[in-house]
Amino acid sequence: MATITPEIPVLTDEAPEKAAAPKREYPGALVVVEGIDGSGKSTQLYLLKRWLEIGGYRIHFTEWNSSPLVKSATRRGKQRRLLTPTTFSMLHAADFADRCERQILPLLHGGYLVLADRYVYTAFARDAARGCSPRWLRNLYSFAPVPDITFYFRAPLDVAVNRIVAGRPKLKYYEAGMDLGISLDRAESFRIFQERILNNYDQMIETDRFVLMDGTVRVNKLQKQMRQLLAEKINLTHFAPKKKK
Amino acid sequence: MTRNGSSSTDSPNGRSPGGSNGHAKSRARKSAKKGRNGNSDLLSRFYGIPLPGVKPEELSGSLIVVEGTDGSGRSTQISLLTEWLESEGFAVQTMGLRRSFLVGEDIDALLAENTVTRMTLALMYGTDFFDQLERRILPALRSGLIVLADRYIFTLIARAAVRGIGRDYLHGIYEIALRPDLTFWLNVRPEIAFDREFKKSQTISYWESGRDMSLSNDLFQSFIRYQSLVKREFEYLSKRHGFIEMDGEGSVSDVNRVLRKRIASHLGIRSTHYKPSHALQHLWR
Chain G
1 MATITPEIPV
11 LTDEAPEKAA
21 APKREYPGAL
31 VVVEGIDGSG
41 KSTQLYLLKR
51 WLEIGGYRIH
61 FTEWNSSPLV
71 KSATRRGKQR
81 RLLTPTTFSM
91 LHAADFADRC
101 ERQILPLLHG
111 GYLVLADRYV
121 YTAFARDAAR
131 GCSPRWLRNL
141 YSFAPVPDIT
151 FYFRAPLDVA
161 VNRIVAGRPK
171 LKYYEAGMDL
181 GISLDRAESF
191 RIFQERILNN
201 YDQMIETDRF
211 VLMDGTVRVN
221 KLQKQMRQLL
231 AEKINLTHFA
241 PKKKK
Chain L
1001 MTRNGSSSTD
1011 SPNGRSPGGS
1021 NGHAKSRARK
1031 SAKKGRNGNS
1041 DLLSRFYGIP
1051 LPGVKPEELS
1061 GSLIVVEGTD
1071 GSGRSTQISL
1081 LTEWLESEGF
1091 AVQTMGLRRS
1101 FLVGEDIDAL
1111 LAENTVTRMT
1121 LALMYGTDFF
1131 DQLERRILPA
1141 LRSGLIVLAD
1151 RYIFTLIARA
1161 AVRGIGRDYL
1171 HGIYEIALRP
1181 DLTFWLNVRP
1191 EIAFDREFKK
1201 SQTISYWESG
1211 RDMSLSNDLF
1221 QSFIRYQSLV
1231 KREFEYLSKR
1241 HGFIEMDGEG
1251 SVSDVNRVLR
1261 KRIASHLGIR
1271 STHYKPSHAL
1281 QHLWR
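If you read the protein sequences in the order shown, they are chains G and L.
Note that our numbering has the first sequence beginning at 1, numbered continuously upward.
Note that our numbering has the second sequence beginning at 1001, numbered continuously upward.
Some hints could be false.
[To be verified] Below are the SDA-like pairs computed for lysine to any residue, each with C-alpha atoms no more than 25 Å apart in a straight line:
no.	chain 1	residue 1	chain 2	residue 2
1	G	K78	L	L1111
2	G	K78	L	A1140
3	G	K172	L	G1053
4	G	K172	L	R1135
5	G	K78	L	D1218
6	G	K71	L	T1117
7	L	K1055	G	L137
8	G	K78	L	P1139
9	L	K1055	G	K172
10	L	K1239	G	N139
11	G	K71	L	T1115
12	G	K71	L	D1108
13	G	K78	L	F1101
14	G	K78	L	D1108
15	G	K78	L	G1096
16	G	K71	L	G1104
17	G	K172	L	P1052
18	G	K71	L	R1136
19	G	K71	L	A1140
20	G	K71	L	E1113
21	L	K1055	G	R196
22	G	K71	L	R1135
23	G	K172	L	A1140
24	L	K1055	G	R81
25	G	K71	L	G1096
26	G	K71	L	K1239
[What the hints assert, rightly or not] What the simulated footprint calls covered on chain G by chain L, stretch by stretch (three residues with Cβ under 8 Å from a Cβ of chain L suffice, anywhere in the stretch; the number is not a length):
no.	stretch
27	99–106
28	119–132
29	165–175
For the record, the hints were derived by calculation from the structure and aren't laboratory data.
Glycine residues also receive a C-beta, built at the ideal position from the N, C-alpha and C atoms.
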């Protein structure tokens, strides 16, 4: 009998070291917004996108979970409640890989400014809240290009949760984290789930160089800050419309 | 030893409970070794941290994997083994690629289109694998069944690795998978696999010949090169994971006899006598 000596590498389970500075392998740039539901991130990214669009910049906007590739599987899994923390995570990773390989990477190589509403940090925060190992998640998404800037929109839990609950008649099963069996009450389950996600996000502020944005600041004021920070960090002239000679 | 040089982070048996200092690790490694030989370390049923929510001690069944390229005779052997085990009174559950309810059909559709990229395909196969593992295999093992896997994580790792996805990355994904009790590798030369596959379907498929890798415009050349690359990955995996390597070019009955012998000794079955029923007689060559 052959001795069975599998040697699957085991990385450390500690929080990751400071993420490496983005490698400049492409002329494009990647801008990411992250934060829990109701933190105001999508509104702010929308406004940033409009500003850049109107100015004629070379940009592309991409959303988490938007690829048609895995839509049928996600729908099937969610409707029938078949998803486990692992398959939930794998399916989203497959979806992200499709977007990454067919949109994000080609556009970065083509010199675009790519704006992403949620990125891999959403998976790190949310799937870890479901019980997936943080180390396993980091490995799973290690093919993703590191953002040039990640805006982290942070609002107090109550503010964020109330924004969502007020606007939605019914929270969806997975959205509310009902699969975790925390509480039979959807609103209560949602709140606890979001709290776990918020804590996971907070831990990444340092390790992943998040730029902290206060989600309680007035929309137009916050947008002004965001535009300033973007212009400081990224040379926007690279993406500006070319002047006709 | 891994081929790329065993680093200090390599541990055969998941994470050490005390974190990452060197002492804890070497202790964990020692106890893991003892555990395997003494068959008492339940954690060694997983490569690393078990899947969320799984208690290894509940899994009383056995997981037996048959790996091998297309045309290696895997499916034939699994049909025969199923019949033999059932006749011995063991309940059998099978698994294979693209058989999950969650994404099995979606992968078929992706393969038909040929537009899917390598990472997406690798992760869709991974989703398919974990859906079957969690919703079919683990419940079967909890009920004490014998699970016969027609391919396992090794094919998924090999196929992705030949397409340039890192081996460590792939092993990292599957470190939460269940470690098989026995893994058989039916090894056949690519030329023999080609003959068998061609005879079976009168053509050679796009994916089996690795056409997405642009190895050659000639289908035969492409098939041979692709299968040779996969075979090389398997040689590496065989060393790393302790496969029971078998000559897949032997007759069906010869290969089956060896498989029965190894499985019988693992499960404590005394007799390995078996004659296929009338329904399976056509496979017995």
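Checked hints:
{"no.": "1", "hint": "G:K78 / L:L1111", "result": "holds, 24 Å"}
{"no.": "2", "hint": "G:K78 / L:A1140", "result": "holds, 24 Å"}
{"no.": "3", "hint": "G:K172 / L:G1053", "result": "holds, 23 Å"}
{"no.": "4", "hint": "G:K172 / L:R1135", "result": "holds, 23 Å"}
{"no.": "5", "hint": "G:K78 / L:D1218", "result": "violated, 44 Å"}
{"no.": "6", "hint": "G:K71 / L:T1117", "result": "holds, 17 Å"}
{"no.": "7", "hint": "L:K1055 / G:L137", "result": "holds, 21 Å"}
{"no.": "8", "hint": "G:K78 / L:P1139", "result": "holds, 21 Å"}
{"no.": "9", "hint": "L:K1055 / G:K172", "result": "violated, 29 Å"}
{"no.": "10", "hint": "L:K1239 / G:N139", "result": "holds, 23 Å"}
{"no.": "11", "hint": "G:K71 / L:T1115", "result": "holds, 16 Å"}
{"no.": "12", "hint": "G:K71 / L:D1108", "result": "holds, 15 Å"}
{"no.": "13", "hint": "G:K78 / L:F1101", "result": "holds, 13 Å"}
{"no.": "14", "hint": "G:K78 / L:D1108", "result": "holds, 20 Å"}
{"no.": "15", "hint": "G:K78 / L:G1096", "result": "holds, 23 Å"}
{"no.": "16", "hint": "G:K71 / L:G1104", "result": "holds, 14 Å"}
{"no.": "17", "hint": "G:K172 / L:P1052", "result": "holds, 22 Å"}
{"no.": "18", "hint": "G:K71 / L:R1136", "result": "holds, 23 Å"}
{"no.": "19", "hint": "G:K71 / L:A1140", "result": "violated, 29 Å"}
{"no.": "20", "hint": "G:K71 / L:E1113", "result": "holds, 16 Å"}
{"no.": "21", "hint": "L:K1055 / G:R196", "result": "holds, 24 Å"}
{"no.": "22", "hint": "G:K71 / L:R1135", "result": "holds, 21 Å"}
{"no.": "23", "hint": "G:K172 / L:A1140", "result": "violated, 31 Å"}
{"no.": "24", "hint": "L:K1055 / G:R81", "result": "holds, 22 Å"}
{"no.": "25", "hint": "G:K71 / L:G1096", "result": "holds, 23 Å"}
{"no.": "26", "hint": "G:K71 / L:K1239", "result": "violated, 39 Å"}
{"no.": "27", "hint": "99–106", "result": "holds (count 3)"}
{"no.": "28", "hint": "119–132", "result": "holds (count 3)"}
{"no.": "29", "hint": "165–175", "result": "violated (count 0)"}
Hints 5, 9, 19, 23, 26, 29 from the earlier list are contradicted by this structure; the remaining hints agree with it.
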